[in-house]
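Here is what each chain is made of, one letter per residue.
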Amino acid sequence: MNKTNAFNHYKLNNSCDLHIFNSNKFKTNLIQMVIIEKLAAETVSANALLPYVFYRGSNKYSTTREFKIRLNELYGAELSISVLKRGENQLLIFSLELPNEIFLPDQTPLFREGLKLLYELVLNPAMKEEYIEQEKDNLQRKIGALINDKYSYAVERCYQEMCANETYGLYKLGKKKDLEVITKEQLLKRYNSIINNSVILFFVVGDVEDNRVLSDINTVFDFKHKQSKGINKTELISQVSDVKEIKDKMKVKQGKLIMGFRTGITRGSKSYYPLIVYNGILGAFPHSKLFQNVRERSSLAYFANSGLETTKGLLLISSGIDFNVYQKAREIILQQVEEIKKGNFTVQELDWAKMSLQNRFKNIADRIDGLAGHYLLGLINNNPESIDKSLDSISAVKREDVINIAKQIKLDTIYFLDRQEGER
Amino acid sequence: MNKLENKIINECLYHEVLDNGLNVYLMPRKNFNKQYAIFACDYGANDTTLLLEDKGEMKLPDGIAHFLEHKLFENEDGDSFAKFASTGASANAYTNYTTTAYLFSSTDNFATSLLNLLDFVQKPYFTDENVEKEKGIIAQEILMYEDDPEYQVYLNLLQGLYNNHPLRKNIAGSIESINKIDKDRLYLCYNSFYRPENMVLFLLGDFDLNKTLKLIVDNQSKKIIGEIKGVKKVFPVENDSINQKLIKKEMDVSEPLFNLGFKEVKIPDNGYELVKQELAVNILIDLLIGKGTKLYQSLYNEGLVDNHFHQYYILEKGYGYALMGGKSKDPDKLYQRIIKDLPDSLNKITIKDYQTIYKKNLGNYIKSFNSFARTASEFINYIFKGINYLDLLDIINDIELDYVIGFYDSLFREEKAVRSIVEH
Chain A
1 MNKTNAFNHY KLNNSCDLHI FNSNKFKTNL IQMVIIEKLA AETVSANALL
51 PYVFYRGSNK YSTTREFKIR LNELYGAELS ISVLKRGENQ LLIFSLELPN
101 EIFLPDQTPL FREGLKLLYE LVLNPAMKEE YIEQEKDNLQ RKIGALINDK
151 YSYAVERCYQ EMCANETYGL YKLGKKKDLE VITKEQLLKR YNSIINNSVI
201 LFFVVGDVED NRVLSDINTV FDFKHKQSKG INKTELISQV SDVKEIKDKM
251 KVKQGKLIMG FRTGITRGSK SYYPLIVYNG ILGAFPHSKL FQNVRERSSL
301 AYFANSGLET TKGLLLISSG IDFNVYQKAR EIILQQVEEI KKGNFTVQEL
351 DWAKMSLQNR FKNIADRIDG LAGHYLLGLI NNNPESIDKS LDSISAVKRE
401 DVINIAKQIK LDTIYFLDRQ EGER
Chain B
1 MNKLENKIIN ECLYHEVLDN GLNVYLMPRK NFNKQYAIFA CDYGANDTTL
51 LLEDKGEMKL PDGIAHFLEH KLFENEDGDS FAKFASTGAS ANAYTNYTTT
101 AYLFSSTDNF ATSLLNLLDF VQKPYFTDEN VEKEKGIIAQ EILMYEDDPE
151 YQVYLNLLQG LYNNHPLRKN IAGSIESINK IDKDRLYLCY NSFYRPENMV
201 LFLLGDFDLN KTLKLIVDNQ SKKIIGEIKG VKKVFPVEND SINQKLIKKE
251 MDVSEPLFNL GFKEVKIPDN GYELVKQELA VNILIDLLIG KGTKLYQSLY
301 NEGLVDNHFH QYYILEKGYG YALMGGKSKD PDKLYQRIIK DLPDSLNKIT
351 IKDYQTIYKK NLGNYIKSFN SFARTASEFI NYIFKGINYL DLLDIINDIE
401 LDYVIGFYDS LFREEKAVRS IVEH
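Respectively, the protein sequence lines represent chains A and B.
Note that the numbering used here numbers the first sequence so that position 44 is 44, with each residue one more than the last.
Note that the numbering used here numbers the second sequence so that position 237 is 237, with each residue one more than the last.
Think of the hints as simulated: they come from the structure by calculation, not from any bench.
Please read these numbers as outputs of a predicted model, since none were measured by experiment.
We put the beta carbon where it would ideally sit given N, CA and C, even for glycine.
As a list, the in silico DSS-like pairs of lysine-lysine whose alpha-carbon atoms are at most 27 Å apart:
(1) LYS60(A) <-> LYS291(B)
(2) LYS142(A) <-> LYS248(B)
(3) LYS294(B) <-> LYS116(A)
(4) LYS245(B) <-> LYS266(B)
The following label-pair restraints were derived from C-beta to C-beta distances:
(5) LYS247(A) <-> VAL234(B): 47 to 53 Å
(6) PRO343(B) <-> GLU113(A): 33 to 39 Å
(7) GLU176(B) <-> VAL347(A): 40 to 46 Å
(8) LYS116(A) <-> LEU209(B): 38 to 44 Å
(9) GLY169(A) <-> ASN301(B): 33 to 39 Å
(10) VAL17(B) <-> ASN24(A): 30 to 36 Å
(11) ASN324(A) <-> SER410(B): 50 to 56 Å
(12) ILE314(B) <-> GLU185(A): 44 to 50 Å
Generate the whole structure from the sequences, applying the supplied hints.
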């Protein structure tokens, strides 16, 4: 099968890594610049602020508006910024997706123009005082706005409590308090440190020629950089002494129950594939135990599922429930976790989980951003793999492997977002 | 089979009307791992009043189309999710105001999944017991949306814009209305609307064209579906004026969320004109307050909007509105500024701005074929308006700046404006 072949790796002149995936099935080409920083209390807020300040204007495109007009001229090219957390790494991702020139009426060299725009954004920012001040305020508001989405808020609170004494407990966008006091000087210092020393990767996915891409990026991204440090290693914890129980109260109509577990297993570990199969049986799909038992059999919830963080080694179960079924829902959920430990799952449940996972991986290979994301997660965990390799590894998972995983997983924190007293 | 070719995106679409009236569209896509199928019915949340040939007009409980969508997944021999699980496919469904759609994506065993899809949608199995059980699940879905401020601010906007139209109601209905749903009412709706001539099947991805069509033809030839003929949808008379100027709601949010809507009263009957107008006013609103405009940039600089601000225009048979929305520190001041500055923004539009937006729309159209889910949902949306999505560019090319500007005066009037605000 060549539909899921791998990335080609190149070193750029400035020592950054470039990963190219060739495919002519997409209508667009994707360029990503990924900055990987160690997650740390001292730097998390300033790092998160940078992309938003970049987007306010560069020395050539002096306002956001000018960036947007330029993007429209490049046939609706999309330039997005995102700040993510993967394990104890903070990621700043700059993504540019452009239509492939072959579909356009005039043969504008879009790819190269796109590279220049990306360069302007990240390497030629204006960093004006007024931009910095306004984006500090915007980012603080963005952090505050986490409470608007009750589900995401509950998930974040669970992580925060669970990893209160670990770096992972930091929010990916940083802290309001820190942002308040950041000065232009400090931000510039942070910027220079990132551009000079951080791990910087480039991804290109699309209908491209490797040599052209390599030479274009080398020409356009001509900046001084010395990639001295490697990707930060995340602290893994697999033992739990006491289960924490946390309750917050808010004006809500539905309770959000989040349970955090320690797996201690990362994307780079041998146990990674058994773990994702385990999660498939437990709660990743509509045929999984959680959906079937919490929703279909007991009618307690609209959603009940489980998900993994595979750089820090965590598993989270989430469900939206009525306040008065808290105990019952909790019991049913924990019972599902116990069942797998005891080996109480059928051949069918195992096969279905494996097939659904393989479907999911093959789907990733059909998405331009999915391909880059999958490979990036592998790189962060020091085990980059092709999707074909992932498919084979899923096939090889056995029943005993799943039971062994189930025995290792420890409940750490139970979080419940409850209604305020006196509410209906 | 009818072959339609689109030279811009370099794809072909095949069309066949089956003996039972079902419209089948097939779009083979090479080099992908995936197949995607969507089976959609021209029946949605708005269709709650029916005119029956023998019984006359009948009002059904709000949320019944969505309830039906949930219940079709249950068959006499079990849960349809299980059948998809056994092929590794991932199934889902959605109900919006006008349409109900069932879909799956697969990477193996496409034929089996396709037959599963056709069979579960076309074999309803409603019992008193399984209808009762679903009420708990849907109640939690309704409560989940009640905690979602973005959905609440939108729902309230629709209530302000409309006096009698069913758009005023939640797609899923209310806890009271779903309690009135029983198996007889579900069968009545099913048999009235889930008739092959009222449905469309759209497939795309990696499959054999002729084999797939034969499979569908054989499957459909055995089926007699939808016994109730001649059922008409009835809509209450909706006058041109708005219902309520300002609606406020209190929720736990970090800062106010606002939606500003303008009620459309000029609604063409003809599908081509309808779609052309919808595209044109979307261009207009982008030229007035999109991210490439001076107006947006100044509102942003003043801190009145953030980068989640969005604007769009919806036009369906029987209703339409323009919407601007986001978060704001001061929604009252923002409203005053928009009303005051829109005319000025209109006067500043140049032919160059228009050409730039054209390029953006062309690029976005090309890009929409990257994602199967996006292509499929756009296709379904347009086909029920009588337009083939592959012909959309012809309509875009038929639009001129004067035509776009021509919609301004009747739509963007203060007496047609409604504000919805959610605040703490």
